[in-house]
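Undergrad: Using the sequences and the accompanying hints, generate a full structural model.
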Amino acid sequence: DTGVSQNPRHKITKRGQNVTFRCDPISEHNRLYWYRQTLGQGPEFLTYFQNEAQLEKSRLLSDRFSAERPKGSFSTLEIQRTEQGDSAMYLCASAGNTEAFFGQGTRLTVV
Amino acid sequence: RKEVEQDPGPFNVPEGATVAFNCTYSNSASQSFFWYRQDCRKEPKLLMSVYSSGNEDGRFTAQLNRASQYISLLIRDSKLSDSATYLCVVNPGANNLFFGTGTRLTVIP
Numbered sequence: 001d002t003g004v005s006q007n008p009r010h011k012i013t014k015r016g017q018n019v020t021f022r023c024d025p026i027s028e029h030n031r032l033y034w035y036r037q038t039l040g041q042g043p044e045f046l047t048y049f050q051n052e053a054q055l056e057k058s059r060l061l062s063d064r065f066s067a068e069r070p071k072g073s074f075s076t077l078e079i080q081r082t083e084q085g086d087s088a089m090y091l092c093a094s095a096g097n098t099e100a101f102f103g104q105g106t107r108l109t110v111v
Numbered sequence: 001r002k003e004v005e006q007d008p009g010p011f012n013v014p015e016g017a018t019v020a021f022n023c024t025y026s027n028s029a030s031q032s033f034f035w036y037r038q039d040c041r042k043e044p045k046l047l048m049s050v051y052s053s054g055n056e057d058g059r060f061t062a063q064l065n066r067a068s069q070y071i072s073l074l075i076r077d078s079k080l081s082d083s084a085t086y087l088c089v090v091n092p093g094a095n096n097l098f099f100g101t102g103t104r105l106t107v108i109p
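Protein chains in written order, with the working numbering: chain D, 1 to 111; chain G, 1 to 109.
Simulated from the structure, these hints should not be mistaken for laboratory data.
Nothing false has been slipped in among the hints.
Capping the alpha-carbon separation at 30 angstroms, the derived lysine-lysine pairs in DSSO-like fashion look like this:
#1 G:K42 with D:K71
#2 D:K57 with G:K42
#3 D:K11 with G:K45
#4 G:K2 with G:K45
TA: Take a look at the structure:
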């Protein structure tokens, strides 16, 4: 257990529904990342926070995706109007000065 | 061009063999480098950081070649438990982290 917690671990939703995932990073870490991973691929960068500021956002993150980290602690990733192509593992990582540590991920299945 | 490129493999090697993976990166200003290990359907876990002077941890050696913009991972005396996907990770600056697609290793008895 790295100390990064993600909830829920699994989510099955119907196409068109909204979903929200939560990530609780290691408490002293100021950097937080969201990634998406599909089978056979490496994690794809989605967005990055330093404290509460969202510093970078991938162009993969369409306007249906939004992420927040309101108090610089936990973060949420929301997907609106889900599509089947959103099915993937969503990974959160937190980092202090150097290395990043991952949570166990939220596996999303859109049916 | 992708930030980080890796040969996806698969690499199938017998127990006890030595195997090496390379990874190239596109941004010459990249500041830090890592190797992560990922088991099937699990999250990536940090294997080791890659320093300019190289880094060794038991059977694992990581090296950085800034001139050619690649990093390498060498595994000596492969064990069955080394079977996994090895992900190359690069920080191109501004503390972002980009992953390669991963190299899949299977160690065969």
